[in-house]
Amino acid sequence: MNELEKQTRRFDTSLIVAAMWDGVKKLDPRTMVKQPVMFLVWGGFLLSLVYTMLSDEMRGFHLAVTLILLVTLWFANFAEAIAEGRGKAQAATLRASKNDVMARRIVKDGIEEVASSLLRKGDIVEVRAGDYLPGDGEIIAGLASIDESAITGESAPVIKESGGDFSSVIGGTLVVSDRIEVEITSNPGESFLDQMITLVEGSKRQKTPNEIALSLLLVSLSMIFLLVVLTLPAFTNYLGFQLSPPILIALLVCLIPTTIGGLLSAIGIAGMDRVTRFNVIAMSGKAVEAAGDIRTIILDKTGTITFGNRMAFEVLPVEGITASQALGVAVLTSLEDETPEGRSVLTLAKERWGELDESPKQDAVIIPFKAETRMSGLDLADGRRVRKGAASAVIDWVSAQGGMIPSDLQDQVDAISKEGGTPLVISEDARIVGVIHLKDTVKPGMRERFDRLRQMGIKTIMCTGDNPLTAATIAREAGVDEFVAECKPEDKIRVIKAEQKAGHLVAMTGDGTNDAPALAQADVGLAMNSGTQAAKEAANMIDLDSDPTKIIEVVEIGKQLLMTRGALTTFSIANDVAKYFAILPAMFVAFIPEMDWLNVMRLGSPESAILAALLFNALIIPLLIPVAMKGVRYDPVGPEKLLRRNLLVYGVGGVIVPFLGIKSLDIVLNLFM
Amino acid sequence: MWVTFIITLSLLITITMTASAMLGGYIGRRFVPIQERPNYVGKALETRITRRLRINEREKQTWFGYAKDFLTLNLLFLLIGYVLLRFQGVLPFNPNGAVNLDWHLAFHTVISFMTNTDQQHYSGEALSHLSQMFVLSTLMFVAPTMALTMALAFIRAILGKQIGQFYFDFVRVIVYVLLPISLFFGMFLIAFGVPQTLSPNAVVTTLEGASQTIQRGPIASFEVIKQLGNNGGGYYAVNGAHPFENPSKWTNYIHLFLMLLLPMSLPFIYGSMAKKRKQGFLYFGVMLFLFVIGTVAMYATLYSNPSLHGQEMRFGAIGTALYGAVTTAAETGAVNAMHDSLPSLSGIILMGNMMLNVVFGGVGAGFMNLMMYVIITIFVAAFLIGQTPTVLGKKIEGREMKLVALTLLVSPLLILGFTALALVVQPGQDAITNAGPHGISQILYEYTSAVANNGSGFEGLLDATPFWNITAGFAMFFGRYIPLLLMVAMAGSLQMKPRVTDDGALRTDTPLFTSLLFGVIVTVGALTFLPVLLLGPFAEWLMIR
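Line by line, the protein sequences give chains A and B.
If you want my numbering, it's the 1-based position in the first sequence plus 1321.
If you want my numbering, it's the 1-based position in the second sequence plus 1.
So that you can see chain A by itself, here it is in the shape it has in the complex (with noise of 0.2 Å):
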């Protein structure tokens, strides 16, 4: 077990205790009386209290279906306290982040000092290295480096600057290096963070529409159950006899879906968690669960797909140079280039040549890529000069040694732009020997991914500035379902608009500013932290690692959310077929001794079989938690085939698990009656 497992073990272990702790907590009624169901049973709770001190007789009884109906209480009130719990520690490291501090604000006559906690919208505030920053805004002067990691959890500092779609920080965060000017976006206490600390808190959480629609349907089941015995009375005395109270309302608990109902709070915020374990910050469950109806999404090209215009696909000599003369002079431009090109011309030339002689680096003097050179190369020890780079740059560097340029270098060029590539020319000394081709290269696993989603019944369509050949090429290499070339921002909106018409819910990744009306139209808009502040804003969740393939992680939680909570409603109903036969035999037997025919699991006594089946209802809830948490597990296999498997877990296992659990019970409790 390594360091980060026996922390999280341990860590665990006290998010129990507090969990357990919190679970008593919550007994208030005020709390109650936001789970319909679960208030129901506390009513039954004290009901049955009050009785119990009333009455003498059966005492003994009575006393043990009041304590279960509180354990049951417990459990479900447990069960949500240990869902909040990991949010609620994510929520206290958040805060410790959060300190007040001391903001300098640009003013008209100069800087004056005050506290970040009175900073407004629109406030300009002067970020040197080693402050923290003040609040989230937009970087209107400067670059700096800065350190999410409190947000993020990454931690490598991220280059910011001014203008363009790397200008948004966040609050609370560290700047690094140099010194910028900020315009604050966010009043107090609504910044980032602060959505942040609610969100993983859960404390605010909303009910999404799913989750309302669900309780309609278990508070109707339980007012059904909850007139069943009310009115049952009505029948016992007219055959002469009367139930006690404890044992109607054991009734009526074992029959109300108290296994959902007491667990789906911590299903919704467990759903939620999985999402921020992610590092996606989703600004409502009803995004989550929207993501999980997703029929369509939208992504980028470059950056998403591709890695952008930067692998060597092939080296191209110009006339009257062969190709591996070419090559080796690609190999040298490249042997100490770490930017991703430079070593993708290694890996290209490692294809062909195996293992590459890379003496000639030694005491060579390395030449660094500047902006104003736009090249890059080595000096090398024998006098030769190698360099690589934009193409104007190098004829520029060749012409001013007095060197020729061939006359088909042109063509290539212009012959590798116009397919979509990056053409890199090489020179060696005042000869330049050929020309580069970087191609757009798709992500390795794209594919794969792609084929998922598909099984899962989404298509991908790809928007790209390319011209259509190139970026059909692409798309075929991926394994997109569509693609839109040429695209520009305002044709996304296009895009979404067509499949919303069509009846499709559509997600879409994006992060430069203009990409902010589009995140806003679709029905899941994920941003990247990297992005600006108005993509943010218009997004409806925030990827921290911008990492834009992580849409198809959300969709499946959002899926496994709604599916854990189908299968928990199926599951609770399905169990009262037992609970049926082990209760209402054992009600009536006393006084009509021939409802023993009923009693098909042959259960040991009326007391027994009551309680068993009240603590058989009980101890499910505990149980079941760890399903909660996790979610039931998503398979792409098409809607038939995962209702019958879900049916039959869940379903008739259902129905079979609770004979079987309350038989044992009932042989367990009669060792000690």
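Accuracy of the hints is not assured; some may be wrong.
[Stated by the list, open to error] Short derived list, chain B residues pointing at chain A, Cβ under 7 Å:
1) I7
2) L54
3) E58
4) W251
5) G399
6) L424
7) V426
8) P428
9) P532
10) L536
11) A540
It should be emphasised that the hints constitute simulated quantities derived from the structure, not laboratory data.
Where is the CB? At the ideal position from N, CA and C, for every residue including glycine.
Use these hints to put chain B onto chain A, whose structure you have.
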């Protein structure tokens, strides 16, 4: 005996199913929203009539407008019916000198016939010809028409089509559906010996020299709509056991056929209108499966009981079992036997059919109940595969679920509530004629029959008192209108929603979904009513076993 029973049942199902599939297709085509049908046979004549009646057949009513017209017309009929019954003694067409009905009996009777229940707390002989024809016979046409129009509106709305115009549908249902079928089968019944006359009662001298009054009247016309419209109220107090109402085995089968015809056609209407014939057939399949289980069980209870107690001897155990199962399945309420005297387990089947109210169920109402269960099933099944539940491409959300949840509550609330009430108050207990569990069965049957708008009685219960008239009246009234309105409201709410895609969504036209639907109906029904059935008929069976 079993072989005969199975052959008879199979024949009945095959013939009725074929006829109802054809009828369903016909109604489905005839009643597609007028906006979708530019031209059809008889349109010119229809238009002339609707102009004369100042009905705008192209009006695009909302569910609320449609329901408002529905309620208005119902109230109007209720009021007129009530007045006529209260003053029948002084009104014309009263050759036999029937007296005015008491207020509570008139209240019960008019609600009973208006709600398609036809529970009778009066005996048939207490009504004048005017009451029989202008109150009962009229309402027997009006009541099923009302239910069918609501079902049509429901189907159109849930399919996202225009709901239509209530009065236009109302007239068309009578003209295109009820009248032609009634005319045709009325002739049939007359041919098989059912009397049809407006003459006063016949007075004959018996062989012993005594004078006997034989009540007669327009019975065949009454009988055909009573069965076709799932009304069930008898011209005579003994209903289908009377030789004038049901003279022979042949008329017995015509009764069974007519009772099932419209309820069975509803899933086919749906299939035709939705252009999803397979789906319609599978919905029909669920109902049929429930029906077959109940009917076979019903026969088994009679077969295993050698006493013949309560059976109609002219038709034997088969004729009695089929009639009992069909009348409770189709919520007609006509009876040809004494349900009170049948074996106690038969009582469970009869009540079970009515409690579920989807074993075909009454015209329109049964299908809407089925759709309520369909929505609950979709809701659970969609979750099980990780999808937001949608019905026909519309999301089921809080509002729809609230309406479904309320609908689900109505019948348990009324049945259990009223039964419990009657068991604890003196006027209720006084009506019980058998002590012990059988008393529970008597009362439970009465209210179940009222709430499900069935109308048959266990009989034996002394229910011609103000207490029973009032409570059963309310049970019928709420049992009828609340679910109908809630379900139409739900469909109306779905109608307004944007459509999301169907592809990849949970399919409802598969055997798997259909089995789950069956499971949900049985589980929810059983869980609700099992305890009281245990204390009533089941306890009785256990005790005398």
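Now for the hints, and whether the structure bears them out:
1. I7: violated (29 Å)
2. L54: violated (40 Å)
3. E58: violated (31 Å)
4. W251: violated (42 Å)
5. G399: For B:G399, the interface hint holds, since the closest Cβ of chain A sits about 4 Å away, which is under 7 Å.
6. L424: With a closest approach of 4 Å, the B:L424 hint holds.
7. V426: violated (10 Å)
8. P428: violated (14 Å)
9. P532: With a closest approach of 6 Å, the B:P532 hint holds.
10. L536: holds (5 Å)
11. A540: Holds: closest Cβ of chain A sits about 5 Å from B:A540, inside 7 Å.
Hint compliance for this structure: hints 1, 2, 3, 4, 7, 8 are not met, and every other hint is.
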